[in-house]
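Visitor: Go ahead and model the full structure; you've got the sequences and the hints to work with.
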Amino acid sequence: AQKVTQAQTEISVVEKEDVTLDCVYETRDTTYYLFWYKQPPSGELVFLIRRNSFDEQNEISGRYSWNFQKSTSSFNFTITASQVVDSAVYFCALSEGNYGQNFVFGPGTRLSVLP
Amino acid sequence: GAGVSQSPSNKVTEKGKDVELRCDPISGHTALYWYRQSLGQGLEFLIYFQGNSAPDKSGLPSDRFSAERTGGSVSTLTIQRTQQEDSAVYLCASSLRGFGALAGVSNEQFFGPGTRLTVL
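Same order as they appear, the protein sequences are chains H and W. The first sequence begins at 674 in the working numbering and counts up one residue at a time. The second sequence begins at 9 in the working numbering and counts up one residue at a time.
Incorrect hints may appear among the rest.
As the list claims (entries may be wrong) - Non-contacting residues of chain W with respect to chain H, defined by C-beta distances greater than 12 Å in every case (computed):
(1) Ser15
(2) Pro16
(3) Lys19
(4) Glu22
(5) Lys23
(6) Val27
(7) Glu28
(8) Asp32
(9) Ser35
(10) Lys65
(11) Ser74
(12) Thr78
(13) Gln91
(14) Gln92
(15) Leu128
Claimed, not checked - Just so you have them, the derived chain W footprint on chain H, three or more residues with Cβ under 8 Å:
(16) 757-770
(17) 776-786
Keep in mind that the hints were calculated from the coordinates and are not lab data. We put the CB at the ideal spot given by N, CA and C, even for glycine.
Guide: Here is the structure:
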């Protein structure tokens, strides 16, 4: 069955440190999608990225970067030069097929960036 | 422009009653998604619409849940005979394109503020 593991329950870093949030997934499908979402203390959910299984290219968006590696079934998320505003719970998710089938979220990693 | 809106923002109901939750996506967004978040179950995906069609409904928790989308715009999530375990924040999101589209800004999901449902 499909599964998403975020082994880090909570992480604390000091501002300006780099931090990597781990995400390991399990799926038997060859077509799948991976996601990262952010939920700040205010509670709203914010979409960060979606990757398709056939596109293993890594992505950088400002201070955020994502490393998608099929060989290790991982889709890790790195924040460079973290800021206090990055404090949030971050969720990794997996969806199989092309219609949102078997869509599962990881348990989330709570990131605290201290000033 | 307007973002995704959801109504009501809060709904308190009694066990056994039916409720309807509404989502107004961003105009022109073909894809619409429903999720829910509860203390007990965390984040869950419920259903995805491409246009007015929901190709897979297996994410709905039980047959008491149904969803529809009309005119490629507004979507309604209906819960019949509500149970206490249905208490959660129900979230709606929309994106310009959905699953199957190439990666890029077209698949960025925009979330509404959510509807907090409390079943007494």
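Visitor: Each hint should be assessed against the structure and marked as holding or not.
Guide: Structure-based check of all given hints:
1. Ser15: Holds: least Cβ distance 16 Å, greater than 12 Å.
2. Pro16: holds (17 Å)
3. Lys19: holds (17 Å)
4. Glu22: Given a closest Cβ separation of 25 Å, the condition holds.
5. Lys23: At about 25 Å from chain H, Lys23 of chain W clears the 12 Å cut-off, so the statement holds.
6. Val27: holds (21 Å)
7. Glu28: holds (22 Å)
8. Asp32: Check passes; 16 Å lies beyond 12 Å.
9. Ser35: Fine: 18 Å to the nearest Cβ keeps Ser35 of chain W off the interface.
10. Lys65: Not fine: 9 Å to the nearest Cβ puts Lys65 of chain W too close to chain H.
11. Ser74: holds (16 Å)
12. Thr78: holds (19 Å)
13. Gln91: holds (22 Å)
14. Gln92: holds (22 Å)
15. Leu128: holds (22 Å)
16. 757-770: holds (count 4)
17. 776-786: Contact hint for the stretch 776-786 of chain H vs chain W: holds, 5 residues under 8 Å.
Hint violations for this structure: number 10 only, all remaining hints satisfied.
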